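A.B. asks: Spelled out from the first residue to the last, the chains are:
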Amino acid sequence: MTHLLEARSVSHTYAADTPALRNVCAPVRSGALYGIVGPNGSGKSTLLRVLCGLLHPNEGEVIIDGQPLRRFGARERARLIAYLPQAVNPAFSLTVFEVACLGRFPHAGFMGALGAADFEVARRCLRDTETESLRDRDFLTLSGGERQRVLLASILAQEPQLILLDEPTSSLDIHHEVEVFDLLRRLAERGYGVCVVTHDLNMAAQYCHELVLLGLDHAVAASGPPAAVLSEATLSAAYGASIRVGTHPFAGTPFVSAAAGRESAS
Amino acid sequence: MTTGNVRPLGIPVLAALCCVILVISVFIGREAISPAQAWREWRAGAPSEEAPALGILLNQRLPRTLAALLAGAGLALAGCAFQALLRNPLATPYTLGVASAGALGAWSAFLLVDMGIIAGVLLRLPAVQVFAFLFAGADMLLVYLLAARRSRTSPAVLLLAGVTLGMLANSGIMLTRYLARPDRLVMMDRWLMGGVDVLGYKPVFTLAVGVIPCALILLAQAPHFDQIAFSTDLAAGRGVRVNRLQAVTFLVGSLMTAIIVSEVGPIGFVGLIVPHSVRAVTGSRHRLLMPVCVLAGGAFLCCCDIIARRAMPGETPIGIITTLIGGPFFLYLLMRRKFTDWA
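As you go down the protein sequences, you meet chains P and G in turn. Heads up, the numbering used here is the position in the first sequence plus 1459, with the first residue counted as 1. Heads up, the numbering used here is the position in the second sequence plus 132, with the first residue counted as 1.
Hint data in this document are derived by calculation from the structure and do not stem from the laboratory. Just so you know, these numbers come straight off a predicted model, no measurement behind them. Cβ atoms here follow ideal geometry from the backbone N, Cα and C, with glycine treated the same way. One or more of the hints may lead you astray.
[Unchecked claim] Partner residues aside, some chain P positions facing chain G, computed with beta carbon under 8 Å:
| # | residue |
| --- | --- |
| 1 | 1631 |
| 2 | 1712 |
| 3 | 1714 |
[Stated by the list, open to error] Some residues of chain P that are not near chain G, with every Cβ distance over 12 Å (derived):
| # | residue |
| --- | --- |
| 4 | 1508 |
| 5 | 1512 |
| 6 | 1554 |
| 7 | 1676 |
| 8 | 1682 |
Using the sequences provided together with the hints, build the complete structure.
C.D. replies: This is the structure we're talking about:
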C-alpha cells in the first residue's frame, strides 16, 4: 500500500516576529527519496518536525492518506512515521542490540514488554543496515558511520511506512555519507517513503527523486526533480549568494559549487 | 528481557540478599539479641513489656529496618528516575536542593515552635516533619516552574536552578541558626545528619504510604525513561509525551523524596551512587535497572544503618555513614568511567 504525507500551505512562527515557514507545500510519497535543501535557517528542520507531527504549525495542515496527522495518537503516528533527529547523544551506554530494540517502543505491550517477534524485527533491521556484527558493542564506542547505521536500524524497527531524517550525514566522511545515501535509496526502492534534510546538494542531486528547496524567506523557492530545482538562478536567489551549476563528471547529475567571493565579484 | 547484557539472576539474588540483610539488621544493635531467646519469648507468648528481647526486636529493630529499607529504596529510585529524565548522571533530587530546603523547613519549625508561633504538632504530625516536607516539596516545584517557563525543560537550567535554590536554603539555615537559642542548636544539628532510628510503626506507616504508590508510578514509566535517556527528540518521535513524562516524574519523585527527607532527615548520596553501581551490573534498560535500584537502595541504607549502630559506642548519624561511603565511592566511579559517559 502506498502512502502520501503532505504539508499543505504550512506557515509557522516561533516567536512573535521570527517566521520559520511561510506557506510551504511538500509531499512525501511511498517509494521515493525526497530531499529538503536550502540555506541555514531557512526552516528545513522545522519543516521536517512539522511533517513528523512533532510541531503543530500555526497555519496549514499536515495530511496523511487524506486524514489530518494531528488526529493520530502519538504511538499510532510513530508506527507510521519514523523520525531521526539531527544530534543523538545518549546519556548512558546501551548495546547496539538494545538500541535497535528501543525502536519497538510504539509496538510494545504492557510496561514496554517485548516479545520474541520484537527481537526478531530488531535483528532483521540490524541485518538490513549491515550492523549485525556490532550487536553486542556499546553504542557510545561506535564510529560516526556505524552509529548512523545503527540509528537507522533503530528507526526501521518501528516498522514505519515513512522515514524522515534530519541531516543524517552531517558528521560523516565522504565514504560513509555515500553509504548512508545508498541505504536510503535502497529503502525508497523497497517501498518506504524517505525524506532527508541535507546540506549536500550534490548528494541530493545524485540520490533524491525529488527536492524541496527552501529560501532565506522561509518559503519554497523551487520543488521537483533535482535537474529542475538545481539551476544557477534559483539556487543563487535561494541562498542569496552566487552559485554555479555544472554537470557531475561521473553521475551526469547537476554539480553545484558556491562561487568564491573573488569569483562572484568578477 | 533477553537483550544481551542483562543478568536474569540479578533480581532474585538481590532480593535474597535484601532478606538476609533485613534479618541480620534486626538482630544487630547495641544490645545483642539472640534469635533463640527471642524465639523462646515468642513461644511463651509473654507481653512485650515482659519480653525484653522480643520487645526490642518488634518495637525498635524491625520498624527501624523497615524504615531504612523504604527510605533507601525511595531515594535510589528517585535518583534513577531523575538521572534518566534530565539525561545527566549527576541529577538527583539532592542535586536540585531538596535536602537543604527540607533542612531549612525543619529548622524554621524548631525556631517557630520555640518562639511559640506554631504548635509543636500540626495535623497530628510533628511540626518539624510537616515543615521539612513543605519546604522540600516547594523547592522541587520552584525548580520545575523555573525551568518549565521555557518551551522545553532544559536539564542544565534545572540543575543550576536547583543548586542556586540549595544555596539560598543554606543561607536561610544560617539565619535560623543565628536566631535560635544556643541550647537548641545540638538538636537541630542532629536533624541535619539524618537517622532511621524510629520508634514504633507510625513513621514506617507514613513512609510506606508515601513511598510505595510513588515508586509504583515511577516504575511504570520505565520504558519511557529508556527512550528519553537515549534521545529526547527521538523519544518524542516514537510517541513519548515528553512534557507529560517530565511533569509526572518531577511531581512524583519530589513528593516521594520530600516525604523521605521529612521522616528520616537529609540522607545524602543514596540516590547518586546506588543507580550508578546498579547500572554497571544491569545495563541501562530501566525495566531491569529500576526494580534492582529499589532492592539495592533498601539494602544499602540498611547496611549503613547497621554500621551506624555498631561503628562507635552509641549511635553514629546515618547521614555521615552514607556520605563517608558514598563520597569516595562516587569519586572512584568518576575516575573509572569513560569520559564519553559524562559528556
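A.B. asks: Look at each hint and say if it fits the structure.
C.D. replies: So, going through the hints one by one against the coordinates:
Taking 8 Å as the C-beta cut-off, the interface hint given for residue 1631 of chain P is violated, the closest approach to chain G being about 18 Å. Taken as an interface hint, residue 1712 of chain P does not check out: its beta carbon lies about 31 Å from the nearest beta carbon of chain G, beyond 8 Å. At a threshold of 8 Å, the smallest CB-CB gap from residue 1714 of chain P to chain G is about 33 Å, leaving the interface hint violated. The claim that residue 1508 of chain P lies off the interface is violated: its Cβ sits roughly 9 Å from the closest Cβ of chain G, which falls inside the 12 Å cut-off.
The beta carbon of residue 1512 of chain P is not kept farther than 12 Å from every beta carbon of chain G, the shortest such distance being approximately 9 Å. Some Cβ of chain G comes within 12 Å of the Cβ of residue 1554 of chain P; the nearest lies about 5 Å off, and the non-interface call is violated. For residue 1676 of chain P, the non-interface assignment is confirmed: its Cβ lies about 24 Å from the closest Cβ of chain G, beyond the 12 Å cut-off. Residue placement check: residue 1682 of chain P keeps its beta carbon more than 12 Å from all beta carbons of chain G (closest about 24 Å).
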